[in-house]
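Enquirer: Put chain C on the given structure of chain G with help from the hints.
If you read the protein sequences in the order shown, they are chains G and C.
The first sequence begins at 49 in the working numbering and counts up one residue at a time.
The second sequence begins at 14 in the working numbering and counts up one residue at a time.
There's no promise every hint is true.
[What the hints assert, rightly or not] Subject to a maximum C-alpha distance of 20 Å in a straight line, what follows is the list of computed SDA-like cross-link-like pairs (lysine to any residue):
(1) C:40 - G:217
(2) C:40 - G:211
(3) G:119 - G:211
(4) C:40 - G:215
(5) C:40 - G:119
(6) C:40 - G:219
(7) C:40 - G:218
(8) C:40 - G:213
(9) C:40 - G:212
(10) G:119 - G:213
(11) C:40 - G:210
(12) G:61 - G:109
(13) C:40 - G:221
(14) C:40 - G:214
(15) C:40 - G:216
[What the hints assert, rightly or not] Not the full set, but computed from the structure, chain C residues with beta-carbon under 7 Å of chain G:
(16) 45
(17) 48
(18) 49
(19) 52
(20) 53
(21) 55
(22) 56
(23) 59
(24) 60
(25) 63
(26) 76
(27) 77
[Unchecked claim] Calculated Cβ distances over 10 Å to all of chain C for the following chain G residues:
(28) 81
(29) 121
(30) 125
(31) 149
(32) 166
(33) 225
(34) 235
Just so you know, the hints here were simulated from the structure itself, not pulled from any lab data.
We put the CB at the ideal spot given by N, CA and C, even for glycine.
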Amino acid sequence: MLQNEQEYIRILKTRLEGTLPKDELDDILSDYTEHFSIGKANGRTDEELWRSLGSPEDIAREIRVMHLVKKAENVRSCRNIFHAVVATLGLGLFNLVFVLAPFILLIMMLLVFFLLGMMVTFFGFAGIVYSLLQLIGVSAFSVWYSPIAGVFISTGMMTTGLLVVIGNYYLARFFYLVCIRYLKWNISVITGTESAP
Amino acid sequence: MKPEQPQDDRLANFIFSLNLSGLTMTKVILWLIAITIVSFSIGFGILALAGGFSPGPNPVATPFNNTAFLSANTTTFPLEGASSASVRIVLGTGDLTVRGGARPDNLMEATVYAATPGMQPEYAVSMNGTEKSVSMTETGHKKKDWVFAHSPDSWDNTWDVLLGEQIPLALTVNTGAGDCDILLGGTNLTTLSVNTGAGDTTIDLAGYHGGQFDAVIHNGVGDLTLRVPRGSNTRVRLHQGVGDIDTTGFEQNDETCCYTSAGFSSALPVNEITITQGVGSIQLEAV
Numbered sequence: 049m050l051q052n053e054q055e056y057i058r059i060l061k062t063r064l065e066g067t068l069p070k071d072e073l074d075d076i077l078s079d080y081t082e083h084f085s086i087g088k089a090n091g092r093t094d095e096e097l098w099r100s101l102g103s104p105e106d107i108a109r110e111i112r113v114m115h116l117v118k119k120a121e122n123v124r125s126c127r128n129i130f131h132a133v134v135a136t137l138g139l140g141l142f143n144l145v146f147v148l149a150p151f152i153l154l155i156m157m158l159l160v161f162f163l164l165g166m167m168v169t170f171f172g173f174a175g176i177v178y179s180l181l182q183l184i185g186v187s188a189f190s191v192w193y194s195p196i197a198g199v200f201i202s203t204g205m206m207t208t209g210l211l212v213v214i215g216n217y218y219l220a221r222f223f224y225l226v227c228i229r230y231l232k233w234n235i236s237v238i239t240g241t242e243s244a245p
Numbered sequence: 014m015k016p017e018q019p020q021d022d023r024l025a026n027f028i029f030s031l032n033l034s035g036l037t038m039t040k041v042i043l044w045l046i047a048i049t050i051v052s053f054s055i056g057f058g059i060l061a062l063a064g065g066f067s068p069g070p071n072p073v074a075t076p077f078n079n080t081a082f083l084s085a086n087t088t089t090f091p092l093e094g095a096s097s098a099s100v101r102i103v104l105g106t107g108d109l110t111v112r113g114g115a116r117p118d119n120l121m122e123a124t125v126y127a128a129t130p131g132m133q134p135e136y137a138v139s140m141n142g143t144e145k146s147v148s149m150t151e152t153g154h155k156k157k158d159w160v161f162a163h164s165p166d167s168w169d170n171t172w173d174v175l176l177g178e179q180i181p182l183a184l185t186v187n188t189g190a191g192d193c194d195i196l197l198g199g200t201n202l203t204t205l206s207v208n209t210g211a212g213d214t215t216i217d218l219a220g221y222h223g224g225q226f227d228a229v230i231h232n233g234v235g236d237l238t239l240r241v242p243r244g245s246n247t248r249v250r251l252h253q254g255v256g257d258i259d260t261t262g263f264e265q266n267d268e269t270c271c272y273t274s275a276g277f278s279s280a281l282p283v284n285e286i287t288i289t290q291g292v293g294s295i296q297l298e299a300v
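So that you can see chain G by itself, here it is in the shape it has in the complex (with noise of 0.2 Å):
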């Protein structure tokens, strides 16, 4: 293969395609061509410039990571983070344990509370179809001690449920940004751009 700046430039732009937008794109490529010509009119060869700068496999690869992970933190979604966590992954297999493994975890924790939450707000509200029944007097559905207090307490239960629920909305948003600080970290450790606290 041959080590060029046209080759170079080529490599980059077919790996990035697609991901970040066309202006930006550009403002990277624009660079690195601006980079080989400052070399090569300070009289380096191609192939020494290309060592210099790395892999461009590995310069799309972390330009990518980059990007949507900024784009995650702008733009809050479910989809931009899952894309910005895949894209880590791609820096090597040791993020399988320190990244995705993690995330797995704070999915499952997230989804059992909404669930647990859920849960409670649905037998709160049978509990008040239940109490009412009983108080009508229909004996089948006789299942409180007293359905007066039945009532009240069906309604905690409910609030309770519902609180549980927005409670977790919250949670979720606290983790999405723990969750951008530790992917920006991450890969700040990886490409040996991290600064000293």
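Expert: Chain C in isolation, oriented as in the chain G frame:
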């Protein structure tokens, strides 16, 4: 004439009339928290007032009927001209309540609440002259497999037995594990025999106006409460292993571990009660 609004406009107007613009998420959460606290407070307050948490013979401690989720099956045993009766109840695991209050023409009305609908006791009925005998036995008991023969569901086994209050009655109760409440204030006893394994037992004879009776109570592990009427001329002999004894309205006799109700006279018919207790506290009350 006012033109009819399209359906969407009506809905939009209705939502607009709710004026939800000022309703932020913080307000929603605060409202929900307030409703939750108030609802639980009122709900459990009503439950407490309704007797759900009182230390009576049947404390509920949950907002639900303790038999609400179990299938019920009631079996009735009519008197059929009997002038006296003996009833024997044998329950391996589960909660038992025995009380008066059967309909006047019935000797016994037994309601069995079981998690497994097919799990019903065996009944044996016999008539000897004018004495009627009824035996109610948990199916697993005869095989001596109270604990291990059934699925864990079988622990959800509750028996509620109503006894007739019209004729003299000899009652025998044997239970393995579970709480036992025997409330016989309205009945007329000749003998009472209670043998329990593990669990709390309450024998409440408050308001008893029947004839003289003898009672033998063996309680294995668990607390025992015995309640008799204040002027019932009752003598209680205690044989206790480990546990406290608390008495109300009883006087300790010269004889060790012998208690008599206030105003006791041996010249009058005496209700003799013998208690043998393994481990657990004993509460004697003359009310």
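Enquirer: Can you name, in rising order, the numbers of the hints this structure does not satisfy?
Expert: Going through the list in order, the structure violates hints 3, 5 and 10 and respects the others.
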